[in-house]
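Q: Residue-level listing of the chains:
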Amino acid sequence: MTHWHSWMRKACAQMLVLFAILWLYVGGSFASQMEAPRGSERLTLVKQRGSLIVGVKTDYPPFGFLDASGVSEGFEHDLAQDIARRLGVSLTKVAVSGANRLQKLEEGSIDVLLATTGDTADRRKIVTMIEPNYYASGVTLFMRPEQNISDWSETRGKKVCATQGSYFNRIMAQRYLLELQMFNNARDAKLAVKDRRCIGYLFDNTAIQGDLRLPEWAGYKAPLAPVLNTPWAIAIARREGGSEFERLLGDVVADWHRSGFAIQREKVWGLPPSTFLADTHALWKKPDANGARLCEREISGQWPSVCRNPVLLSSTDTTGLRRLGLWFKENTGLDLSLIYDEYDRTRFLLGLGTTFLLMLLCVSGSLLLGVLGALLAEAKLRVVSRLIWMASIVGRMTPPLLAMYVLLFGLGSMLIAAYGISVSPFAVVVWCLCYYTGSSIMTALLFAADVKRQSNPVFQLRWGNMRELIAMSSGHVTAALVNVSKATMMASAVAVPELLSVATTIMTDNGNVGVMMNVLLLTFMLLIFATVRVLKVLERKLLGVTK
Amino acid sequence: MNLLGLDVLRELITWTPFLLTGFSLNILIASLAMVIGTGLGWGLALLRLSSRPRRVKLSLLLTEFTRNVPTIVFQFYLVFMLPSEFVLPGTSITLGFPSWLNASLALAMAVIGFTSDNLTATLRDWRKGDHAAALLFLPNWTSYMLIIVIASSTASIIGVSELVSRCNTVINATGNTGLMLPVYLYACVCFFLFCYPLTRLMQWTRAYLAARLGPASHRLGKASR
Numbered sequence: 014m015t016h017w018h019s020w021m022r023k024a025c026a027q028m029l030v031l032f033a034i035l036w037l038y039v040g041g042s043f044a045s046q047m048e049a050p051r052g053s054e055r056l057t058l059v060k061q062r063g064s065l066i067v068g069v070k071t072d073y074p075p076f077g078f079l080d081a082s083g084v085s086e087g088f089e090h091d092l093a094q095d096i097a098r099r100l101g102v103s104l105t106k107v108a109v110s111g112a113n114r115l116q117k118l119e120e121g122s123i124d125v126l127l128a129t130t131g132d133t134a135d136r137r138k139i140v141t142m143i144e145p146n147y148y149a150s151g152v153t154l155f156m157r158p159e160q161n162i163s164d165w166s167e168t169r170g171k172k173v174c175a176t177q178g179s180y181f182n183r184i185m186a187q188r189y190l191l192e193l194q195m196f197n198n199a200r201d202a203k204l205a206v207k208d209r210r211c212i213g214y215l216f217d218n219t220a221i222q223g224d225l226r227l228p229e230w231a232g233y234k235a236p237l238a239p240v241l242n243t244p245w246a247i248a249i250a251r252r253e254g255g256s257e258f259e260r261l262l263g264d265v266v267a268d269w270h271r272s273g274f275a276i277q278r279e280k281v282w283g284l285p286p287s288t289f290l291a292d293t294h295a296l297w298k299k300p301d302a303n304g305a306r307l308c309e310r311e312i313s314g315q316w317p318s319v320c321r322n323p324v325l326l327s328s329t330d331t332t333g334l335r336r337l338g339l340w341f342k343e344n345t346g347l348d349l350s351l352i353y354d355e356y357d358r359t360r361f362l363l364g365l366g367t368t369f370l371l372m373l374l375c376v377s378g379s380l381l382l383g384v385l386g387a388l389l390a391e392a393k394l395r396v397v398s399r400l401i402w403m404a405s406i407v408g409r410m411t412p413p414l415l416a417m418y419v420l421l422f423g424l425g426s427m428l429i430a431a432y433g434i435s436v437s438p439f440a441v442v443v444w445c446l447c448y449y450t451g452s453s454i455m456t457a458l459l460f461a462a463d464v465k466r467q468s469n470p471v472f473q474l475r476w477g478n479m480r481e482l483i484a485m486s487s488g489h490v491t492a493a494l495v496n497v498s499k500a501t502m503m504a505s506a507v508a509v510p511e512l513l514s515v516a517t518t519i520m521t522d523n524g525n526v527g528v529m530m531n532v533l534l535l536t537f538m539l540l541i542f543a544t545v546r547v548l549k550v551l552e553r554k555l556l557g558v559t560k
Numbered sequence: 009m010n011l012l013g014l015d016v017l018r019e020l021i022t023w024t025p026f027l028l029t030g031f032s033l034n035i036l037i038a039s040l041a042m043v044i045g046t047g048l049g050w051g052l053a054l055l056r057l058s059s060r061p062r063r064v065k066l067s068l069l070l071t072e073f074t075r076n077v078p079t080i081v082f083q084f085y086l087v088f089m090l091p092s093e094f095v096l097p098g099t100s101i102t103l104g105f106p107s108w109l110n111a112s113l114a115l116a117m118a119v120i121g122f123t124s125d126n127l128t129a130t131l132r133d134w135r136k137g138d139h140a141a142a143l144l145f146l147p148n149w150t151s152y153m154l155i156i157v158i159a160s161s162t163a164s165i166i167g168v169s170e171l172v173s174r175c176n177t178v179i180n181a182t183g184n185t186g187l188m189l190p191v192y193l194y195a196c197v198c199f200f201l202f203c204y205p206l207t208r209l210m211q212w213t214r215a216y217l218a219a220r221l222g223p224a225s226h227r228l229g230k231a232s233r
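For the record, the sequence lines run as chains A and B.
Using this note's numbering, the first residue of the first sequence is number 14, and each one after it goes up by one.
Using this note's numbering, the first residue of the second sequence is number 9, and each one after it goes up by one.
Quick caveat, the hints were computed from the structure, so don't treat them as lab data.
You may find that some hints are simply not true.
Below, a list of computed lysine to aspartate or glutamate pairs in the EDC-like style, where the Cα atoms sit at most 20 Å apart [said to hold, decoys possible]:
1. Lys-549(A) to Glu-93(B)
2. Lys-172(A) to Asp-217(A)
3. Lys-298(A) to Glu-309(A)
4. Lys-280(A) to Glu-54(A)
5. Lys-298(A) to Asp-264(A)
6. Lys-172(A) to Glu-72(B)
Which stretches of chain A does chain B cover? Using the computed rule of at least three CB atoms under 8 Å from a CB of chain B, they are [stated by the list, open to error]:
7. 112 to 121
8. 315 to 324
9. 502 to 513
10. 539 to 547
Glycine included, each C-beta is placed from N, C-alpha and C at the ideal position.
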């Protein structure tokens, strides 16, 4: 034992020297700028005791559970083990429940709580939450094996099973337009899924992951990306806030993200890849403009606000545009995230760009198809003209949305199965809308040609007199082109990330329904207004039509 | 292959009542949109013919507004912004506000613009005593209704259980991806069988009216949605 002690003392002395050299070498300025955290009674106690007492779950597979021989293990148990290893102490695990976990921390019977605890503003008033968060859970759908739903937008208006009392029921029903069927307990709800009484069971994705491991639910799945995500945090006692202990645990979690340890453990426990872990891993490894790490503690000891969970930030934690946006939100309740949040802003602008491109392609494509169709139909090429004429009738009487489904899912799945060719949804949308609108433009042009023939029986539609005929039917043609630019929003039904689908995603992520709906309507009205103006100018300049 | 074809046919027959009930909802949505839109559009058309320039200006502004509102977005707007149920004022009766009604209201916006534009000319002809020219409004109106029936398929995006949405339900319920193409084509045929005869009838009506009016008074129906 004394041998051990003397070794330790030596090691400590060596470490001190090393630190002193580092301090002198790397720049004392850096070290002296960073505020040193105050000492921690708890950390001292842990080191004296030689063991770290962690509150964990034993009834929540695969995060914390008992294996066949009664030994507790799981994703969170691995994390707890790693903390103890880094502290150089042994690990003592104490099973906690959702009801008593925060209390156990407060009364001091555990040092650290690592037990699927959601990081919320309310809980932050009772305990100290370690940043960064180590995991996140959300809401997803537990579905039958043969269900063919891959996106939340496909669940609109569908019957979904849920359990009474879940905080997310109302929000999900409102934001995702689900028709909820309420059950008293999870068991009944899951059996209802089995009996095909609903498309799926709405519940916490981490709990569903536990169910999917059971032989009873073999083949069942939960493919929808979890939404309404709540970050999970390691918690320590409230009085330990700002201490050396908090700093140390924060650094450990940061290292889990940087080194990929968390993702590796996730894989080991057979959890599906979590977007939260992937995003956090990428963010914490990202260099800043100077090539240093972006997520490095600031002088205050705090992580930079870009690295912190935006859900938990208030205006006083941030600077610049985000601060202004949060201040506005806190005072008016209006969340203009698409202005102050870089991620939302980028998404929105990309959606706007996609919609703009769709409109441009659909308007020009429809006109081209209409003109070509009319020329071919009038060209007196027996078979071709007749076929074109028939195609235009079918085109006008097939809802473009249905045509998209036929091409994308009907023929598209065949093409993939037979030749491995995948069809681009964007191209399908453009084609279907151009076909529908082109058919209607073609009909209008042919009608105008018929009118011409009443005064001049030998009149034939040609490239040379096309301008005159477009001018004759310009009212109809313009209306059709305005319509097709409005119809581009149909693309959202086949997951093209245009403005409508982007806006509904931002809305469901942030819950700012009113703001996003008004922004969406206003933006589209401006776009349509601009389209109408441009078409009017073109009518006047190219065709000489004046009204 | 033949056996497969028979299987598909049997499935389609089994699901026919379900699918056709969905299609009747499409027609209901479109009809209601036409009724509401024509009523309000009529009002705008009357305003446009008023002798007071202010009223004319107001009507033109409102018409322009209804022309610019994209129906698909407006449908989303109504679904998210209107309560899905409300209490009748002064009573304790709770009325549901079904999503298909939102689809109807959104489509009605387009009908308002169409009616306002077309009926203005029609009313003018009627007042001049040119009744036959005014009658041209009827085939144009019916043709526009067919456009609205086609457009009602977009109600599936907000989860209204109409034909297109029910196609997806059938594909999901059977779990048979081989059924995808036949079910969608079946829906296409439904739309075609409804729209084609009516279109031919309206072409005939238009030709008949035009023959009575003489060759010069052909009017191209203006379709704006």
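Q: Each hint: holds or not?
A: Verification of the supplied hints:
1. Lys-549(A) to Glu-93(B): With Cα atoms ~42 Å apart, Lys-549(A) and Glu-93(B) exceed 20 Å; violated.
2. Lys-172(A) to Asp-217(A): Holds - the C-alpha atoms of Asp-217(A) and Lys-172(A) are around 18 Å apart, at most 20 Å.
3. Lys-298(A) to Glu-309(A): Satisfied, since the Cα-Cα distance of roughly 10 Å is no more than 20 Å.
4. Lys-280(A) to Glu-54(A): 36 Å, violated
5. Lys-298(A) to Asp-264(A): 14 Å, holds
6. Lys-172(A) to Glu-72(B): With a Cα-Cα distance of about 39 Å, the restraint between Lys-172(A) and Glu-72(B) is violated, given a limit of 20 Å.
7. 112 to 121: Our answer is that it is violated, as 0 residues pass the Cβ test (under 8 Å) against chain B, missing three.
8. 315 to 324: violated (count 0)
9. 502 to 513: With 5 residues close enough to chain B, the hint holds.
10. 539 to 547: Result for this restraint: holds, n = 3.
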